[in-house]
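J.: Now for the letters of each chain:
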Amino acid sequence: MRYDAVVIGGGVSGLTNALLLAHFGQRVAVVEQAAVSAPLIRGFSRRGVLYDTGFHYAGGMGDGEVLDRFFNFFDLADQIETLPFAANGFDRVIASDSPFTFDFPVGESSLRQSLVDAFPQEQSSIDTFIRDVMAVCDGLPYLNLHATFGQQGIFDSLQDISLADYLQQLTGNRRLQYLLSLHCLLHGSAPQQIPFRLHAAVIGPYFRSVHGVRGGGARLAEAFDHCLRRAGVDMLCSARVDKIHVSQDRQVSGVELATGQVLECRAVINAADPRLLLSWLPDGLFRPVYRRRLQALEETFSAHILFAPCNNEPEPLKQRNLYLAAVDSGLQLCPSSLEQRPFYLTSASEGPSTGVMGILPARFDEVENWQQSSRGKRPVDYQMFKQQLGDRLMKRIRHAVPEVAEQMGEPFIATPLTLRDYMYTERGAVYGIRHEVEQYPLQAATRVRGLFLSGQALIAPGVMGAMVGAFYTCGAMFGHERVLEELNQCS
Amino acid sequence: MTEQEVINTINIALAEEFELELDEMQPDVSIYEDLGLDSLDTVDMVIVLEGAFKFKIREEAEVKEIRTLGDIHSFVIKKITAESK
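Sequence lines, in order, name chains A and B. Heads up: the first sequence runs through residues 1 to 491, numbered per my numbering. Heads up: the second sequence runs through residues 1001 to 1085, numbered per my numbering.
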């Protein structure tokens, strides 16, 4: 088969890249290792309950906001119905270490007021935080269409400070620091690692509007499938890349699958883990220093996830999420104690739902003992580990929100091993490769002509980061001005 | 470190990491035209120098001005001299 471009990885980033390339008139194929496209956001059904593993709520879906513009651009918007979260508190924090609760309301001024009510001494640091976050959002090309696309300095990101350093300079109030770092769960990196700039880019849109999609991530995945079919993109699932073919003059010429089938093409976009490139390419194409940079990349956190069916949708989870959190435990996302990690509770899917999910950040090390085992063939001691984990998580739910626990049936558990095996990541990362302060950013172009990087590793994590990354990659291929002009015409 | 030692360290590090021949490494060669680096290599060049000298390079404007291997030598020598003061 002959294509103009082959996209490796059929997650949100890969699918967005494919739609964009098709928009620019390219004949495109997407290669995805899982049996379906976008396995993380698609989730799964068990006993009639849809569990939305990857897309729970998003900022920037209000009219004219960033995701709304992207969805409109690809006609995805016609396929989905957005549902607003509770304006007076889309996220409720329930402290496990003190009698404290806090509701994050929608809207910058409401958020400011709620924070000032909770921390009356901290008015000026709260103002500074909200102003700094929104300034970052409004300054980013593609997040704000009116931001200028200046010469992007390769050193800009080295000026970054970590979220933890930013918050420690902002205020001495540890509980406020904790609350303002809580949404690290939305990008999967610890406050000490994530640059403040990226944290702000991820959470800022949530200060303006918060929505879910009726039917959850599964609906969004179906909408992508529909638009890809209409755009004539070939979706190759259960397909594994074996090699990328490169001609003598360092130009991409094709992608060879594990079956031996070769997809001839002039461009390859790797929306999967950038480290995988090294195993697909002939030796010697990249400089040793670039190879080491790729090899040194590390993944974001993984998760333990608890799923349970419910008799009725629990009242506290209607239009909102809960964060059970040790708010006085200091700035950390994944401390060794399970009880001190933030525990995110949400309805199993958006719309009337009869299930609950709880997501706890986790490290692959915690299940490393069983890494040789595969799906459906795990040993007994792993089952016992999951049983104990489930008991500890249920205990937290019963303690913080007994009315939710009462509605829940027998829970079942996914661990980083489950995530690794369903999403084909190396260590079960929820948000792909980690972005860190002091790290040189990856560029979309590589030294091989026609070979580009995309995915969450390129610009930012999450659905929005994955989509923005796709626009950057296509900008590197066709020129940013041209891509922005197309996007502007549709807004 | 003497200036010659600095120059040798730079040449060895760049030759190794960019797979160049040491005898090509003359001060007047253009790193772009003669050594075949391109704009994508700028970041990697900075990383190599940072690794070789254990300093942080933040002088974006000066790095952008670099054209020849000799420019790299003077940039590093100037930086080391400034930092040792």
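Hints are not guaranteed to be accurate.
Unchecked claim - To give a feel for the contact side, a few chain B residues facing chain A, derived at Cβ under 8 Å:
#: 1; residue: 1003
#: 2; residue: 1006
#: 3; residue: 1016
#: 4; residue: 1023
#: 5; residue: 1024
#: 6; residue: 1025
#: 7; residue: 1040
#: 8; residue: 1047
#: 9; residue: 1055
What the hints assert, rightly or not - Pairs of lysine to any residue, SDA-like flavour, derived with a Cα cap of 20 Å:
#: 10; chain 1: B; residue 1: 1079; chain 2: A; residue 2: 112
#: 11; chain 1: B; residue 1: 1056; chain 2: A; residue 2: 318
#: 12; chain 1: B; residue 1: 1056; chain 2: A; residue 2: 296
#: 13; chain 1: B; residue 1: 1054; chain 2: A; residue 2: 439
#: 14; chain 1: B; residue 1: 1056; chain 2: A; residue 2: 293
#: 15; chain 1: B; residue 1: 1056; chain 2: A; residue 2: 406
#: 16; chain 1: B; residue 1: 1054; chain 2: A; residue 2: 445
#: 17; chain 1: B; residue 1: 1054; chain 2: A; residue 2: 292
#: 18; chain 1: B; residue 1: 1056; chain 2: A; residue 2: 161
#: 19; chain 1: B; residue 1: 1056; chain 2: A; residue 2: 165
#: 20; chain 1: B; residue 1: 1085; chain 2: A; residue 2: 420
#: 21; chain 1: B; residue 1: 1064; chain 2: A; residue 2: 292
#: 22; chain 1: B; residue 1: 1064; chain 2: A; residue 2: 445
#: 23; chain 1: B; residue 1: 1054; chain 2: A; residue 2: 406
#: 24; chain 1: B; residue 1: 1056; chain 2: A; residue 2: 445
#: 25; chain 1: B; residue 1: 1056; chain 2: A; residue 2: 159
#: 26; chain 1: B; residue 1: 1054; chain 2: A; residue 2: 318
#: 27; chain 1: B; residue 1: 1056; chain 2: A; residue 2: 441
#: 28; chain 1: B; residue 1: 1064; chain 2: A; residue 2: 406
#: 29; chain 1: B; residue 1: 1064; chain 2: A; residue 2: 421
#: 30; chain 1: B; residue 1: 1054; chain 2: A; residue 2: 159
#: 31; chain 1: B; residue 1: 1078; chain 2: B; residue 2: 1033
#: 32; chain 1: A; residue 1: 318; chain 2: A; residue 2: 439
#: 33; chain 1: B; residue 1: 1056; chain 2: A; residue 2: 438
#: 34; chain 1: B; residue 1: 1054; chain 2: A; residue 2: 293
#: 35; chain 1: B; residue 1: 1054; chain 2: A; residue 2: 426
#: 36; chain 1: B; residue 1: 1079; chain 2: A; residue 2: 68
#: 37; chain 1: B; residue 1: 1079; chain 2: B; residue 2: 1024
Hints listed in this document are in silico derivations from the structure and should not be mistaken for laboratory results. Virtual Cβ for every residue (Gly too), placed ideally from N, Cα, C.
J.: Give a verdict on every hint.
T.: Outcome of the hint check:
1. 1003: Check failed: Cβ of residue 1003 of chain B comes no nearer than 24 Å to chain A, outside 8 Å.
2. 1006: violated, 19 Å
3. 1016: With a minimum Cβ separation of about 7 Å from chain A (threshold 8 Å), the hint on residue 1016 of chain B holds.
4. 1023: The hint is violated - residue 1023 of chain B has no Cβ within 8 Å of chain A, the shortest such distance being about 19 Å.
5. 1024: Residue 1024 of chain B check fails; min Cβ-Cβ to chain A is 15 Å, beyond 8 Å.
6. 1025: violated, 15 Å
7. 1040: Check passed: Cβ of residue 1040 of chain B comes within 6 Å of chain A, closer than 8 Å.
8. 1047: This interface hint holds because 6 Å falls under the 8 Å limit.
9. 1055: violated, 13 Å
10. B:1079 - A:112: The given pair, whose Cα atoms are some 45 Å apart, is violated under the 20 Å limit.
11. B:1056 - A:318: violated, 50 Å
12. B:1056 - A:296: holds, 18 Å
13. B:1054 - A:439: Holds, at roughly 15 Å.
14. B:1056 - A:293: Holds, at about 16 Å.
15. B:1056 - A:406: violated, 56 Å
16. B:1054 - A:445: This hinted pair is violated, its Cα atoms lying about 28 Å apart.
17. B:1054 - A:292: Roughly 17 Å between the alpha carbons, so the hint for residue 1054 of chain B and residue 292 of chain A holds.
18. B:1056 - A:161: The given pair, whose Cα atoms are some 15 Å apart, holds under the 20 Å limit.
19. B:1056 - A:165: holds, 19 Å
20. B:1085 - A:420: Status violated; Cα separation ~51 Å.
21. B:1064 - A:292: Not satisfied, since the Cα-Cα distance of roughly 23 Å exceeds 20 Å.
22. B:1064 - A:445: Holds, at roughly 19 Å.
23. B:1054 - A:406: Roughly 58 Å between the alpha carbons, so the hint for residue 1054 of chain B and residue 406 of chain A is violated.
24. B:1056 - A:445: violated, 25 Å
25. B:1056 - A:159: Roughly 11 Å separates the two Cα atoms, so the pair holds.
26. B:1054 - A:318: violated, 54 Å
27. B:1056 - A:441: Between residue 1056 of chain B and residue 441 of chain A the Cα gap is close to 16 Å, so the pair holds against 20 Å.
28. B:1064 - A:406: Not OK: residue 1064 of chain B and residue 406 of chain A at ~63 Å, beyond 20 Å, violated.
29. B:1064 - A:421: violated, 44 Å
30. B:1054 - A:159: It holds: about 18 Å lies between the C-alpha atoms, which stays within 20 Å.
31. B:1078 - B:1033: violated, 24 Å
32. A:318 - A:439: violated, 40 Å
33. B:1056 - A:438: Roughly 10 Å between the alpha carbons, so the hint for residue 1056 of chain B and residue 438 of chain A holds.
34. B:1054 - A:293: holds, 17 Å
35. B:1054 - A:426: violated, 31 Å
36. B:1079 - A:68: violated, 48 Å
37. B:1079 - B:1024: Roughly 24 Å separates the two Cα atoms, so the pair is violated.
Hints 1, 2, 4, 5, 6, 9, 10, 11, 15, 16, 20, 21, 23, 24, 26, 28, 29, 31, 32, 35, 36 and 37 from the earlier list are contradicted by this structure; the remaining hints agree with it.
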